[in-house]
Each structure stands twice: as C-alpha cells, then as structure tokens.
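Residue numbers (our numbering), protein chains in the order written: chain A, 1 to 469; chain B, 1001 to 1201.
In case anyone wonders, no lab produced these hints; they're calculated from the structure.
Be aware that one or more of the hints could be misleading.
Taking lysine-lysine pairs in the PhoX-like style, the calculated list, with each CA pair at most 25 Å apart, reads [what the hints assert, rightly or not]:
#  : chain 1 : residue 1 : chain 2 : residue 2
1  : A       : LYS364    : A       : LYS379
2  : B       : LYS1161   : A       : LYS163
3  : B       : LYS1165   : A       : LYS252
4  : B       : LYS1165   : A       : LYS379
5  : A       : LYS367    : A       : LYS334
6  : A       : LYS252    : B       : LYS1182
7  : B       : LYS1062   : A       : LYS163
8  : A       : LYS252    : A       : LYS163
9  : A       : LYS316    : A       : LYS334
10 : A       : LYS334    : A       : LYS379
11 : A       : LYS92     : A       : LYS364
Chain by chain, the residues:
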Amino acid sequence: MSASLSLFDRIWSEHEIRHSESGESLLWVDRHYLHEGSFHAFDQLTSRGLSVAEPGLTVGITDHYVPTVRDGSVALDPQIMEMVDRLEINAKRHGIPVIGLTDSRQGIVHVVGPEQGLTHPGSVVVCGDSHTSTHGALGAIGFGIGASEVAHVLATQTIWLAKPRTLLLQFDGRMASGVTAKDVALHWISALGADGARGFAIEYSGSAIRELSMEARLTLCNMSIEGGARCGLISPDQVTIESLRGRPSIPKGTDFDRASRHWLGLASTEVSCFDQRYVFQAADIQPTVTWGVSPEEALPILARLPDPIDAENPGKASQIADSLEYMGLTPGQKLTDIAIDKVFIGSCTNSRLSDLRDAAAILKGQKSKVPGFVSPGSKWVKSAAEAEGLHEIFLSAGLQWREPGCSMCVGMNGDLLLSGERCASTTNRNFKGRQGRGSRTHLMSPAMAAAAAVAGHLVDVRSFSEARL
Amino acid sequence: MRPFAHLHSWACPLPLSNIDTDQLIPARFMRTSRSQGYGEFLLHDLRRNEDGNLRTDWPLNKPAAIDAGVLVTRKNFGAGSSREAAVYALIDGGFRCVVAPSFGDIFASNAVNNGLLPAVVTEQDAELLLGALGNHGSLIDVSLERQIISLASTQIYFEIKPNWKIKLINGWDDVALTLSMKGEIQAFRQKRSVNFSWLFL
C-alpha cells in the first residue's frame, strides 16, 4: 500500500466494491449494530418482503429505551418496554444475535461493541446512531446512518457513500492535569464550530492523542459528530493492540498476531495526505464546559459568558442572546457562579470504567449537593466498578447507582429533567430539550460533573481538588 | 420514492441556526409507526406552548404556512441525532424542500432517501431569501433541474450533490439497484472472508 495514504483512505479502498459514475462508492460493511430505533428499518424490510443478507455480521443491542431502574422498585412503562421487546423480536425473526435486556453483556452499543471486541481496527462499522463515530478510536470507520440506510445494510450488507474529505486534527504537546479527552473535544468543537468538520472524516493525531488511553480515545471520537464530521479515527498503535488482546470477539493466537500486523500497517504515516489540517497545543486546553444549546457554545471553566453586544455580526448576536435566554443565564456572568439542580454521569461519551473512576475520585468522602445518578455504560463496566467499590462512593455521596443504558442523554426511557432544571452532564448534546422539554444541559467531563455536584455549582476541578488536600 | 419534479409552493421562513434533529422531532414521539404520520410532531416543542397549544407568533403556525412545501432556514440544519424521523416529520408536515447554508450530513442523506430536497445556498443568499420572505413567507419556485430558486424577480442558485440530484429527479431507491449487484457483492464477501476470516463471527 502507498505510504501517502491516510488510515481513512486505506480502510475506504479496502471496502470499496464499486465506484459509481455519480461519485458514490458501494462499501462493504463488516459490522452492523442495531438498537431499538431500528424498527423503522425492519418495517421497511417487511413491506418489501426482503430478508437480512448477513445476520451473522449484525448485532442487536438494547440501550436507547431500556429502563435504568430494573429492580422492581419502579413500575416499567409498557410502551417503553414494547420498544425494547420489539428489537429482540425483530432480531430473532431474522436470525440476528441480540444482547438483550437480561444479557450479562448488555449496555450502550458504543460501549459494548468495543468491549466485546466486536469492532475491529480497519473495519467499516455502521449503526443507526450518530455516535457510531466512537468506534473510530480503534482505527475503524464508524458511520452513523438513518433508517433507510439501516434497511439497505440489512438487505445488502453494503452502503452507498460519497467519500468524505479528510481532516487532520493534531494535538501537540501534553495535556495539563485535570484536562481530559472530553475537554479536548469541546475545545476543538468550540474553535471550529458545530459544523466545522462537516463533510470530513477526522483523524486525531499528535503526541497528546498518542498518550490517551483507549477509553479516552473512545470519548474523543464519540464527539466527532458534534463538530459535524461523518466519523473520527485514530491510527492503530500499541495502545490499540493491547486494548483488544483477549476480548471475546477478537482473534486469538497466530490470528491475533497476523491481524495486529495488518492493523498497525493501516496507520497514517504522513500529514501531507490530508485535505485539511489544524494544529492545537494540548497545553492550551482547559477544563471546558458548555454554556449554551450547541456543543460549540463551550468555554474554559474560568471564563465569563459572552455578551451579544460583542458578537461579530447580528446573526451571531441573536444566536448568543437566544442561547442565554433558553439557558436562563446573563451576559458576562462567571461560569463558576452557575448553580446546578442535577448531575448525570453516563452515556456513550463518558460511562466507561475510567470515567467512573475519575468521578469517584472527586466524590470520595463527599456529599453531592444535588440529586443525580450514575449509569454505567454496560453491565461489564458496572461489575468492574462494583468490584472496586466505586458504587459505594456514589451511593455515600447521595447519588443513585443505576443500570446501563442511554438514559438521560436522550431520555427515551423516561429518564428526564423537569422544565427549567439545570444539569451538569457527561453526555454529548446540550440541545434545547434534549434531556427533557425546557431542560438546561451543561456538558463536561466526569471529574468536572462530580466536582459540580459537590460544590452545587460549576467549578474548576483543578482548584477544587487542591482545596481538598 | 416519489420523484422530485419542479416545485411551486409556499415557502416558510425559519430564521434560526442549528435546528437539530432533537428539535425537529423530540425523542419521546419516536415510538409510533410511520404509517400513523409524524407531521404533528414537527418542531413540536418550539411551535407549542407547554400546554400543547400552538404559539401564534411562530412562523410555521401562521395560516399561510399551512400549504408550505419549502422551509428556508439558517446554517447547520438537521445536525445531531441520525433519527430519520426528523425527515418523516418534515415530509408528513408537507415539506418537499429545505433551503439552508448547510445541513447535518446524516440528515441530508436521510432527506434524499425520502425525496426531500436539501438545497444548499450561500449564507448571503439565505439571508436574502429570508428577507424577501418576511414574517409570513411567499410563493416560490424550485427547479431541481436548473438548481434555481425563484422568488419574484430574484433567482438564487443552490448546490446539490450530482448523485443526489439524479436520485431525487428519478425517485430512485438504492436497495433495488444494489440488489441487482448481488453477484459482485458475493464475490467481494468471499474474498474478504478468506483474507479477514476473524471478522466473520
């Protein structure tokens, strides 16, 4: 293979079955994840009388609608349980393996896939969920797709796509203590805008990225869509290889060695092969939180809120004014003066073991001033966290320790904020109404959310931890 | 899929940026089957007061907007969640075309797969159109063939990917086309399952 190709280019060409005159490519799909929202696609298949081409390359996982309290203490909503059941019924009808509600591996698709070794470097992964970009952390192309495309993949195991351009986001130097992958994501999205990477496949590189653990990389790639990108990848390296070794659906023995050599060989080698490149200094990145209703409306925690008067144009001014009004905030206010009502730690962005450890380190021996809950990303994460006693730290702090699912990131299961409630949230979207009608979401890292819970307001986790010593 | 011919329709202004798919259809409405129609959920929480009544000051709720087939809006329309229900809500609400300076990529694909035209114009032209539509909107013409939006004497060029234009004009659907390539796909699969056997569980 040519040395001047990027990881994305290499995977793309390896999966291209055909290139059409109109400029689209027909790509082979290695892994197709389904969740409860796939019922539209199954309805389309049924109405056309089509069958599933490759049930063995498809995996159903219940996450979007699953209740996070399942111990019988709360009555389950029958309409919501019907959505959960419908995935299992549709999957079984077509011979698709499903990781259902009672399965010991259940959790959020983008946590479970990598955890079970179902996502391999160099593969093309699709799912009817925009955060499929997460899987790029392993050096895979992960595309979020709509229901019609889900139906197409079910029927053919392929997808038509026009090749996106490539964008290199390079982070040089080292991140300061207290700064996480979540802050890196919010930093670049606030710099380039929520549509700054539209039409691009991102590759994250640089010394700061190389130092990230696999879990941190999953967080970073997860947020690619929030900057408008189709996907976000990181070239496979030893961190990738070691994170995969021994996982259930990863090859073993000599197959693993052969696969590893192939995976490492896919890595991008030159910056010149990208269509566009931005270089950031990792040391410039501060703990970052969102203040508005788009992930681009994010600022370092010690900043003050913008004033529409200072905006560069009338359109921007009205956007700032609209966001401040929805969020119930005033221009020039200090971020650290914003009091919160709830805390939520979870979602495909920040619910892995290291995220829970980060939050627990802050909450240890402390009380949360606000109610809230922690929803681990999967049952595996839940067990691992409990083995370390993390759940006891959360419970002692006054937070609830729930079951895995998408939960209050999207609220489809009924985990919602009340109108006007303000939440320190480790999720990925602060859109109007995302966590419930009238809800006010501030996105941040797990450590920052935990610190906000203890303080009762947004706070700099760095000064917070020092003050406690 | 219904082919997209020439459109002569009322255009409704929506002068907001970043209308994401959570706003186009809040998640709680996505449990019903498509056959029941998604039109009433379109922009539900923006258009309605907390008591569920329509806000009279909202552009889409004005009497003239009832027949609107075109929505003119600002940048990054349809960002966020991949929910195709956002497109269903627009189509079931009577829309065949959205005009904006930029669209969320997944939304735009979903739109084309359902016969909804995502017409990309420059930011200046979007503002020009919004200005010309005023508060109530106006009748406009959309020619997909010529990629021109006409409003009185104003003519505005819009962008659409060539492959999407062909699909929309012909009302083509990918599934039938791809199924006709079954042999080629099978041959590819065969090769892949030999070279990368570990991907086949």
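**Request:** Find the hints from earlier in the document that the structure breaks and name them by number, from lowest to highest.
**Result:** Hint check: 3, 4, 6, 7, 8, 10, 11 fail, others pass.
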